[in-house]
Amino acid sequence: GDSVTQMEGPVTLSEEAFLTINCTYTATGYPSLFWYVQYPGEGLQLLLKATKADDKGSNKGFEATYRKETTSFHLEKGSVQVSDSAVYFCALSDRGQGAQKLVFGQGTRLTINP
Amino acid sequence: SAVISQKPSRDICQRGTSLTIQCQVDSQVTMMFWYRQQPGQSLTLIATANQGSEATYESGFVIDKFPISRPNLTFSTLTVSNMSPEDSSIYLCSVDTSGRAGVNEQFFGPGTRLTVL
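Which chain is which? The protein sequence lines are A and B, in order.
Per the working numbering, residue 29 is the first one in the first sequence, and the count goes up by one each step.
Per the working numbering, residue 128 is the first one in the second sequence, and the count goes up by one each step.
In short, the hints are calculated from the structure, not lab data.
Just to be clear, a hint being listed does not mean it is correct.
Quick list of in silico lysine to aspartate or glutamate cross-link-like pairs, EDC-like style, CA-CA up to 16 angstroms [what the hints assert, rightly or not]: (1) B:LYS134 x A:GLU70; (2) A:LYS80 x B:GLU232; (3) A:LYS96 x A:ASP82.
To list a few chain B residues with every Cβ distance to chain A over 12 angstroms, as calculated [stated by the list, open to error]: (4) CYS140; (5) GLN155; (6) GLN178; (7) PRO194; (8) SER196; (9) PHE202; (10) ASP214; (11) ILE217; (12) VAL243.
Here a beta-carbon is modelled for each residue, glycine too, at the ideal position from N, C-alpha and C.
Starting from the given sequences, assemble the full structure and let the hints guide the process.
Structure (structure tokens):
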């Protein structure tokens, strides 16, 4: 079945550092890819998405490019802030399966120190 | 987008009892989903609830344990039945508001944090 694998956390960085959170996927069809973020004490929010190969999703300074050749969707940010501390989830939705459900990675907890 | 509310936001329950969680959306949506997030874990889909039809359950989840209602296009309930400590989790509902076939964008409620003693 479809699956998503994220780099293990937790990840701790200093403010203004460069961030990469790796995400790779396995899917039988042509998935759409998402990054969700869960801030402390809050619900899950969509951060960005990409629906086809070579698409780049971006939001709030975060970017991720849909790489079909490497089946990856790594999340990057050039300069992180303390307010970026959260848990980040990579997810896919596979059109080929016909269902509208999301498959999530295990999540990566990010802590940014001032 | 969609604004989703859940009740209760949290609860502490005794083993063997049942809890019904409500999910309310501010707009009409066809597809609603229920997820479970166990402590320190990722989200796992429990079932898909479409208005006017029976819920579709994922492998490992059964209707007797997690009965779902979907009486209209803005509301759904999930019941966690005969609870045990292993059911302690955050339960989240989500909706799909995308109008384009094959591209779903799901919005999540704030979650219900359940602790079973």
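Here's how the hints hold up against the structure:
1. Among the hinted pairs, B:LYS134 with A:GLU70 is consistent with the structure: their alpha-carbon atoms are about 15 angstroms apart, no more than 16 angstroms.
2. With a C-alpha separation of about 14 angstroms, the suggested pair A:LYS80 and B:GLU232 falls inside the 16 angstroms cut-off, and the hint holds.
3. A C-alpha spacing of about 7 angstroms is found between A:LYS96 and A:ASP82, which places the hinted pair at or below 16 angstroms, so the restraint holds.
4. Every beta carbon of chain A lies more than 12 angstroms from that of B:CYS140, the smallest distance being close to 21 angstroms; the non-interface claim holds.
5. No beta-carbon of chain A comes within 12 angstroms of the beta-carbon of B:GLN155; the shortest separation is about 16 angstroms.
6. Distance check for B:GLN178 against chain A: the nearest CB is about 14 angstroms away, which clears 12 angstroms, and the non-interface claim stands.
7. With a minimum CB-CB distance of about 19 angstroms to chain A, B:PRO194 clears the 12 angstroms threshold, and the non-interface call stands.
8. With a cut of 12 angstroms on Cβ distances, B:SER196 stays outside the contact zone with chain A, its closest approach being about 19 angstroms.
9. Even its closest Cβ contact with chain A, about 18 angstroms, leaves B:PHE202 beyond 12 angstroms, as expected for a residue assigned away from the interface.
10. Here B:ASP214 stays apart from chain A, with its beta-carbon at least about 19 angstroms from theirs, past the 12 angstroms limit.
11. With a closest Cβ-Cβ approach of about 9 angstroms to chain A, B:ILE217 is found to fall inside the 12 angstroms limit, against its non-interface label.
12. At roughly 21 angstroms from the closest C-beta of chain A, the C-beta of B:VAL243 stays outside 12 angstroms, upholding its exclusion from the interface.
In this structure, only the earlier hint numbered 11 is contradicted, and the remaining ones agree with it.
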